[in-house]
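Peer 1: Given chain V's structure and the hints, the job is docking chain S onto it.
Number of protein chains: 2
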Amino acid sequence: MEMWFSELHTSNVKISMRIEKQLFSGVSDCQRIDVLVSDEFGKILALDGEILFSEKDEFIYDEMVTHVPMSVHPNVKKVLIIGGGDGGVATALTQYKTIEQIDVVEPDEMFVEVCKEHFPELACGLEDERVNVYIQDALRFLRSKSDEYDLIINDATDPFGYTEGLFTKEFYGNCYKALKEDGIMVYQHGSPFYEEDKEECVKMHRKAYKAFPISRVYQAHIPTCPSGYWLFGFASKKYHPINNFKPAEWKKLGIKTRYYTTNLHKGAFMLPKYVEDMLEEEERD
Amino acid sequence: MEMWFSELHTSNVKISMRIEKQLFSGVSDCQRIDVLVSDEFGKILALDGEILFSEKDEFIYDEMVTHVPMSVHPNVKKVLIIGGGDGGVATALTQYKTIEQIDVVEPDEMFVEVCKEHFPELACGLEDERVNVYIQDALRFLRSKSDEYDLIINDATDPFGYTEGLFTKEFYGNCYKALKEDGIMVYQHGSPFYEEDKEECVKMHRKAYKAFPISRVYQAHIPTCPSGYWLFGFASKKYHPINNFKPAEWKKLGIKTRYYTTNLHKGAFMLPKYVEDMLEEEERD
Numbered sequence: 001m002e003m004w005f006s007e008l009h010t011s012n013v014k015i016s017m018r019i020e021k022q023l024f025s026g027v028s029d030c031q032r033i034d035v036l037v038s039d040e041f042g043k044i045l046a047l048d049g050e051i052l053f054s055e056k057d058e059f060i061y062d063e064m065v066t067h068v069p070m071s072v073h074p075n076v077k078k079v080l081i082i083g084g085g086d087g088g089v090a091t092a093l094t095q096y097k098t099i100e101q102i103d104v105v106e107p108d109e110m111f112v113e114v115c116k117e118h119f120p121e122l123a124c125g126l127e128d129e130r131v132n133v134y135i136q137d138a139l140r141f142l143r144s145k146s147d148e149y150d151l152i153i154n155d156a157t158d159p160f161g162y163t164e165g166l167f168t169k170e171f172y173g174n175c176y177k178a179l180k181e182d183g184i185m186v187y188q189h190g191s192p193f194y195e196e197d198k199e200e201c202v203k204m205h206r207k208a209y210k211a212f213p214i215s216r217v218y219q220a221h222i223p224t225c226p227s228g229y230w231l232f233g234f235a236s237k238k239y240h241p242i243n244n245f246k247p248a249e250w251k252k253l254g255i256k257t258r259y260y261t262t263n264l265h266k267g268a269f270m271l272p273k274y275v276e277d278m279l280e281e282e283e284r285d
Numbered sequence: 001m002e003m004w005f006s007e008l009h010t011s012n013v014k015i016s017m018r019i020e021k022q023l024f025s026g027v028s029d030c031q032r033i034d035v036l037v038s039d040e041f042g043k044i045l046a047l048d049g050e051i052l053f054s055e056k057d058e059f060i061y062d063e064m065v066t067h068v069p070m071s072v073h074p075n076v077k078k079v080l081i082i083g084g085g086d087g088g089v090a091t092a093l094t095q096y097k098t099i100e101q102i103d104v105v106e107p108d109e110m111f112v113e114v115c116k117e118h119f120p121e122l123a124c125g126l127e128d129e130r131v132n133v134y135i136q137d138a139l140r141f142l143r144s145k146s147d148e149y150d151l152i153i154n155d156a157t158d159p160f161g162y163t164e165g166l167f168t169k170e171f172y173g174n175c176y177k178a179l180k181e182d183g184i185m186v187y188q189h190g191s192p193f194y195e196e197d198k199e200e201c202v203k204m205h206r207k208a209y210k211a212f213p214i215s216r217v218y219q220a221h222i223p224t225c226p227s228g229y230w231l232f233g234f235a236s237k238k239y240h241p242i243n244n245f246k247p248a249e250w251k252k253l254g255i256k257t258r259y260y261t262t263n264l265h266k267g268a269f270m271l272p273k274y275v276e277d278m279l280e281e282e283e284r285d
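Protein chains in written order, with the UniProt record's numbering: chain V, 1 to 285; chain S, 1 to 285.
Any copy will do: because identical chains look the same in the list, a pair fits if it lies in one copy or spans two.
Listed below are the simulated DSSO-like cross-link pairs for lysine-lysine, each with C-alpha atoms no more than 30 angstroms apart in a straight line:
(1) Lys-21 / Lys-56
(2) Lys-238 / Lys-169
(3) Lys-273 / Lys-252
(4) Lys-237 / Lys-145
(5) Lys-198 / Lys-256
(6) Lys-273 / Lys-78
(7) Lys-252 / Lys-266
(8) Lys-203 / Lys-78
(9) Lys-273 / Lys-246
(10) Lys-251 / Lys-198
(11) Lys-237 / Lys-266
(12) Lys-198 / Lys-21
(13) Lys-180 / Lys-246
(14) Lys-180 / Lys-251
(15) Lys-237 / Lys-169
(16) Lys-56 / Lys-198
(17) Lys-14 / Lys-56
(18) Lys-266 / Lys-251
(19) Lys-273 / Lys-116
Derived by calculation from the structure, the hints in this document are not laboratory data. This one's a predicted model, so the numbers in the text were calculated from it and none came from an experiment.
Pulled out of the complex, with its shape left as it was, chain V reads as follows (with noise of 0.2 angstroms):
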């Protein structure tokens, strides 16, 4: 049998990969949710069609989100991460033995029980006795939240659909609120590529940067992702991602990766020109 998966990257380009067999299908009250086998990327979860990631490829987004801005903010206590039922970020953090909470605000609640069940290697983290799952909107629980937080993770997927509240101005001012004097805030920050995707991409920017005193922009390769490449926010209040990095330090913790190294983080921020011309154009007005 010939089974293939396909997602449109923009209505002119798509990917496609052959499948093994469905998993899963569900409708939650949030979105569709599949679990597809794949013969080459693995298992795969799919929202509404869309990839979320990868057995092969999710490594690079968990790992580029996580350490970051851990290998920069010298004092992690209490984490926030938006979205992020499929515990992979968690999962990340908990291998950090300073911190004391980690915070998980996921809508979906069917979400979080089929990657329980299909990707327990990336939801084991979420037992973690620092764990708390919430499931409730983001938005609302965000709003009592004040000087709390030493970082925030935004995990939620698109600024489309039932996430879109998620992107808007208030809710980055929300998290700055939500952010001890001194915290950091990244997010997804979606692929530059493609003119679809970019006027997105540059918005994002243009709200962070003008929220937090310091917002850089920085890459990595998922392939998985529109164009196989994708950016992240760093949005912080007071360390700056290179400035305040702490290599050495970071080295110490022995903390196992495949894609991040303290060489790669500073290579993540050195941006082709396109990217820079297209942030900085945002930054001037």
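Peer 2: Frame of chain V; chain S shown alone:
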């Protein structure tokens, strides 16, 4: 009408793009050549059904094989481009006024003619008076050359098919011989992500690593390449790509780019852990 061009990146993954029309299709002595107009990538050139370049992303490749060695070697006068009949690399090199001679050795005359007709902005450099195009087998061309070039750019496409001879140990040895005592060779290293590509990728490193005293690998994000992630080899007799890098001198030249910056130059050598591990394994034996 719906017309899609698809390329298998592995037997289990493919990229597809919507096509407006086909401008050319022909079979030369070496290969099948197609020129298609795509909605997302502009005109694309495919060899034997695989994308060689597209108007939208070819600048990344051309800039990365040209400016990286040119900002390291202090005195490039004579360059050899192996393959490169499309003229993209030659055109990029003609921006350097100090270069006196550029030899392009391309076995496929039809390929050169098709590029001149359909991609004149790429091919125009071939008309520069410093450029000589030899329609010839590169391996034979190289055998008679000794201590002649400051820079060799191996633009050949693939370790399989008619260019297979350009990826042998003998070939690297001949390039070494053809280079002056401080010469640099840059070559396509392939994509390290998919298992199918990985083996060729590490083999290539082994050959260059044994033939040249300095052998480093650098990266770029090229959306139409397999997994969107492409590696290049920097093999050199004397100059190190970072230790002998001259950003200030290069900036003074005022060359306009869309991907390359002197900052990105450094970042391009900062590789993900899984790529570092893969290459180091080859270096140990």
